[in-house]
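2 protein chains.
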Amino acid sequence: MKVLIIGAAGMVGRKLVERIAVEPEILGGPIETLSLVDVFEPPVPTSLAAIAKPGTVDLAKPGVAEQLIADRPDLIIHLAAIVSGQAEADFDLGYAVNLDGTRWLFDAIRTEGLKEPYCPRMVFASSIAVFGAPFPESIPDDFFTTPLTSYGTQKAISELLLADYTRRGIFDGVGIRLPTICIRPGKPNAAASGFFSNILREPLSGQEAVLPVDESVRHWFASPRSAVGFFTHASTMDTSLIGPRRNLMMPGISATVGEEIAALERVAGPKAAALIKREADPTIQGIVAGWARCFDATRARELGFTAETEFDEIIRIHIEDELDGKIGG
Amino acid sequence: MKVLIIGAAGMVGRKLVERIAVEPEILGGPIETLSLVDVFEPPVPTSLAAIAKPGTVDLAKPGVAEQLIADRPDLIIHLAAIVSGQAEADFDLGYAVNLDGTRWLFDAIRTEGLKEPYCPRMVFASSIAVFGAPFPESIPDDFFTTPLTSYGTQKAISELLLADYTRRGIFDGVGIRLPTICIRPGKPNAAASGFFSNILREPLSGQEAVLPVDESVRHWFASPRSAVGFFTHASTMDTSLIGPRRNLMMPGISATVGEEIAALERVAGPKAAALIKREADPTIQGIVAGWARCFDATRARELGFTAETEFDEIIRIHIEDELDGKIGG
Ligand SMILES: NC(=O)c1ccc[n+]([C@@H]2O[C@H](COP(=O)([O-])OP(=O)(O)OC[C@H]3O[C@@H](n4cnc5c(N)ncnc54)[C@H](O)[C@@H]3O)[C@@H](O)[C@H]2O)c1
Ligand SMILES: NC(=O)c1ccc[n+]([C@@H]2O[C@H](COP(=O)([O-])OP(=O)(O)OC[C@H]3O[C@@H](n4cnc5c(N)ncnc54)[C@H](O)[C@@H]3O)[C@@H](O)[C@H]2O)c1
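Taken in sequence, the protein lines are chains A and B. Every letter in the first sequence is one number past the one before it in the UniProt record's numbering, and letter 188, counting from 1, is 188. Every letter in the second sequence is one number past the one before it in the UniProt record's numbering, and letter 31, counting from 1, is 31.
Warning: the hint list may mix true and false statements.
Identical chains blur together in the list; that is why a pair holds if it fits in one copy or across any two.
20 angstroms max Cα-Cα, derived SDA-like pairs, lysine to any residue [said to hold, decoys possible]:
| no. | residue 1 | residue 2 |
| --- | --- | --- |
| 1 | LYS61 | ARG103 |
| 2 | LYS115 | ASP92 |
| 3 | LYS115 | PHE91 |
| 4 | LYS2 | THR232 |
| 5 | LYS61 | ASP71 |
FYI, nobody ran anything at the bench for these hints, they're computed from the structure.
So that you can see chain A by itself, here it is in the shape it has in the complex (with noise of 0.2 angstroms):
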């Protein structure tokens, strides 16, 4: 079989190769190729060599995806994203990215399976940002999208045409609505979502991490290992499970930060917790209220999707996965 990452240099992509090295067959059968391509060149584990065919493209570039295409992957996992601040600050990137990128590739399926029949299994990794406040405590999977950002607007249309290109028998879509991964493995970054893992992960090394909002704010978490899960049971699932409804609200778990610190607590020790300095930012305050709390998930659920279901052990993944076993840096 045949495989295409998109955003392979990602942290999704990267974590999902990185499972692919350990289990070679989790995709669903023995792979012949491994194409990794992004922007960025995507790293390739040993035990890959010989299948990977990394590759740096611009997806938001004409011509790019048929060149993707052309060799007719069976499975093909879009991960490619311009993340969501970016997206609100650079309107013409966030577009050509996030929806003249997906569109395009989309549309290279439907040219190939003009030629001869094709019909690829496609995952695509969509958010929660498709949501947009007010909400109701807990979000039903027939929740309408009103995205308040573009990058959630970007997304919900990639949603859509999925659904469309799906029922037209171009490809065979899953659409995989992620919850905020966590911990986010690497440095701190800018996105306003980041406190969420920084208070975790920085002191699970012994550094420490500012919270710039209230103990009572609540969000939909899952871990990095679960987003793998999700993207490998959506490329193997039967998909005539799903029906033409295609894009999905993973599950996660619904916690306060205060629960996220008492797990800590738990995992780690008080010393731990002692690392996390409170600096009210109100600009993140103001971001952070327009988020999703909590979702159903029961289509999800039903059709054998998985996550954690204690907070405690998104922590244990993070110091398992990430440092050895070893807390404290």
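Position chain B with the ligands against the provided structure of chain A, taking the given hints into account.
Chain B with the ligands in isolation, oriented as in the chain A frame:
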């Protein structure tokens, strides 16, 4: 004030222009120029000859939107569309007109605004086709859009763009989700929804009509007069009351085919109703089974949009507006 109506040769466009001819300030003030464009030459009522600028243009051609926006209209009413059946039969044409045409129009306004501040009112004709079965008995305003046609997909995408461009201050948008307009004037057409109007319009003119579905079929209706009212209200209302959720399901009447026929009999007598011939059509029955039956339309009603409250009114409006008050042809 400068007004631009795109799709002005269509059914709703012509009705709207006729209304402006009778009530020249219905769009909120005296009109300086009334640009009426369509792929077909839009008819111009004599009383509007001095201000009307009719034009034949194809919105799906690059550069056309910029030309339409060049004189910076204050109000744009965008009615142009490839309708459902044709957008389903011709993938490229549907996406070119209903998605690209709309996006080019929106982007032309953005480009114009980058030169010099500009934020016109933009009223867009959407459709109940943004929804896809299965539905609750009455669809609430926060129900999700999972269209089952490419036309519905294109309308749902346009709605998302409308909300995002409005949020960004590019224009001041209102999306009008039209019920099925009944009684549609003119000749019987091939649309799957045609019979809802045919079984009333034809008997009211002494002609036979075919009913292809069961009398228990329920659907959501408003008159052409109400449709015009939706667009004039959206053109003049205080949009600060809407908030960021700019796409509104319009009020209407939920009625069964049996209730339509009973109303016809009450208004025009049993002879008219006897002109309806029952010829079951399984294809049309199948299509119609997936259509919405009833909406709450709470937000639109609260924002001052109004429609008929009983089906007899819908029939009387047709007799007044299309038959000069005379039944029987
Ligand atoms: N991490 C989260 O919490 C989260 C939550 C919701 C949704 N998502 C979505 O999941 C996907 C993966 O998330 P992530 O955290 O790995 O994001 P990331 O930013 O780490 O990775 C995205 C990758 O896409 C690449 N990319 C951007 N523009 C491109 C282009 N024009 N052509 C090719 N590649 C391009 C970037 O270089 C980057 O490596 C994204 O689509 C993101 O929007 C992530
Ligand atoms: N009539 C209904 O029951 C109903 C219901 C829901 C939504 N709508 C929507 O309301 C709007 C008006 O409906 P209508 O019944 O008057 O439809 P219509 O088909 O009578 O009018 C649409 C007009 O758009 C024009 N048009 C098509 N492509 C064009 C292009 N590329 N450039 C310029 N003009 C183009 C057509 O020539 C036509 O005159 C449409 O957007 C339709 O999708 C109508």
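Please name the hints from earlier in the document that this structure breaks, with their numbers sorted from lowest to highest. none
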